[in-house]
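S.K.: Based on the provided sequences and hints, a complete structural model is requested.
In terms of my numbering, the sequence shown opens at residue 1 and continues consecutively.
Just so you know, the hints here were simulated from the structure itself, not pulled from any lab data.
Glycine included, each C-beta is placed from N, C-alpha and C at the ideal position.
A few of these clues could be false.
[Stated by the list, open to error] Distance condition first, Cα-Cα at most 16 Å in a straight line; then the derived EDC-like pairs of lysine to aspartate or glutamate:
1) K249 - D436
2) K196 - D164
3) K40 - E202
4) K286 - E89
5) K247 - D318
6) K237 - E366
7) K190 - D166
[Unchecked claim] Derived Cβ-Cβ restraints for the label pairs, each shown as a range:
8) G98 - K40: 34 to 42 Å
9) E361 - K175: 46 to 54 Å
10) S66 - D166: 41 to 49 Å
11) I70 - K18: 26 to 34 Å
12) K175 - S66: 15 to 23 Å
13) T454 - N136: 45 to 53 Å
14) K224 - G309: 48 to 56 Å
15) G67 - R356: 52 to 60 Å
16) N69 - N359: 50 to 58 Å
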Amino acid sequence: MNSFSKLGVQESITKAIKRIGWDEPTPVQSEAIPVGLTGKDILVQAQTGTGKTGTYGSIILSRIGSGYNIPSALIITPTRELALQVSEELTKMAFYSGHRCMAIYGGVSIERQAAELKKGVDIVIGTPGRLKDLLNKKALRISKVSIAVLDEADRMLDMGFAKDLDFIISWLPKKRQNMMFSATMPDEVKNLALNKMRDPEELLVSKDEIVLDLIEQRYMIADKDTKKDALCTIFDKERKKTIVFMKMKHRCTQLGRKMKNTGYNVDVLHGDIAQARRERVVKDFKDDKIDILIATDVAARGLDIDDVGLVINYDMTDPETYVHRIGRTGRAGKKGIAYTFVLDADEERSLRKIARVNNVEIVKTEMELIHHEANKNLHPEDNKGVKKKLSKAEEQGRKERERREKEKKEKKKGLPESFTTIVIDIGTASDIAKKDIVEFIQISSGIKHTSIGTIDMKKSYTYVQIDSAYVDRVCTSLSKYDFDGKPITAKKSEQMKK
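M.R.: Okay, here's the thing in structure tokens:
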């Protein structure tokens, strides 16, 4: 079959699909959509990036009506990123049909989500934890759901969501269509299918490891002192959209700051980042406003971006995580490159074992590293990594900061002599925490955390004490950023309001 209409998808949906730019159905869509449109339960094994969302989206939008007060379809996803991506894609597919989709996840106001649900939603896409919370608050009603989807079922079980899934499914009506999608098919997934589905038709379209065929895999010996230079050298050579994977959240933030100070267009993504900022970072990376995304394994699955050309494993990991990390490249038929940094002979042996298990070749690579030193006469002008020369006043401020830092090291303690309070027009209503304010100030202005004092957050603004020597610089730097599309205002405050 060579078109979505021939698969049985409704005309309003095929019209939207054409508008999106999908010409031909993928293999998983060709196999699963006709079966799903009959109302039969389906269990599909297919790798990430093969068109799963378009598959169950076409089925759901063709089979349920629009404009109801409570949901007719429920899609459960393991991560916030995937929930948002699915919601965005289904909203595009529903351009002419009028179905309203809503993503539900933790990290944002549950009251706000409950209020949105009251307005009426046709399709809810959510993570297990937040769905459970809304059901307990009786803010989410799923008694009329006729189609339920478990996306990345293996990942949800890996993340320990089995009990939450049981709880959510217990609220669903017994008479419903079930669809389950999984990149792998371990016994736990099969048991889940047997317990929750009615005689499902199993469709094996593709396995997760097939994506490795499109990825050129390499490794380098690099220790903690040379990793950053190796990363910069590789990126300078390849010049592709890049994801760098690390194990520790704080080291992820530290590397992001160092890369920014060196002049690279980079941002970070990990579990401690406030949800509003996470969404902005993912969107900026998709829109090519960021060249390098430094992430922990929270982004190893569910980050659905087809044009990532380069993945770098900054830290070694286990075989399964390795596959999911490098699987962020080599998608949608495009070739990709993956580098892994190994510290010693033990890690080198571990990598060779990963190569044997996956029946792939991971080639040892050597290259002359270029030392990338932060240019103290340059600082990031904005979150695109544009560099700008310091003014005389800023240069004097930099020298003063270095003098103070030297004094601190000699004394091994001692805070700045005086603080000045500034006010920033971002508060708790923006779903941002104090640690995010600190990180935002550090990344934008380059000052140390010891130069940041007390933080007092209100609903729509925040008071921050800053070392008086750096107040002007911090205000100027912050004012060049925006938050959720709105320019940030940062200025001196006369006193700290309690």
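S.K.: Next step is simple, just say for each hint if it's right about the structure.
M.R.: Do the hints match the structure? See the list:
Using a Cα cut-off of 16 Å, the hinted pair K249 and D436 holds, with the two alpha carbons roughly 13 Å apart. With a C-alpha separation of about 14 Å, the suggested pair K196 and D164 falls inside the 16 Å cut-off, and the hint holds. Only pairs whose Cα atoms come within 16 Å are accepted, and K40 paired with E202 is accepted, the gap being roughly 11 Å. For the proposed pair K286 and E89, the alpha carbon gap of about 14 Å is at most 16 Å, so the pair holds.
Between K247 and D318, the direct Cα distance comes to roughly 11 Å. Compliance with the 16 Å bound is thereby established for this hinted pair. Pair hint K237 plus E366 holds up; C-alpha atoms about 13 Å apart against a cutoff of 16 Å. Between the alpha carbons of K190 and D166 the distance comes to roughly 15 Å, so the proposed pair stays at or under 16 Å and holds. With their beta carbons about 26 Å apart, G98 and K40 fall outside the hinted range of 34 to 42 Å.
In this structure the hint that E361 and K175 lie 46 to 54 Å apart at CB holds, the actual value being about 51 Å. Taking 41 to 49 Å as the suggested C-beta distance range, the pair S66 and D166 does not conform, at roughly 30 Å. A C-beta distance of roughly 31 Å is found between I70 and K18, which places it inside the suggested range of 26 to 34 Å. Look at K175 against S66: about 21 Å separates their beta carbons, and that is inside 15 to 23 Å.
T454 and N136 have their C-beta atoms about 36 Å apart, which leaves the hinted 45 to 53 Å range violated. Restraint check, K224 to G309: a C-beta distance of roughly 26 Å breaks the suggested window 48 to 56 Å. Between G67 and R356 the beta carbons are some 55 Å apart, a value that agrees with the proposed interval 52 to 60 Å. A hinted range of 50 to 58 Å holds for the C-beta pair N69 and N359, which are about 52 Å apart.
Of the numbered hints listed earlier, those contradicted by the structure are 8, 10, 13, 14.
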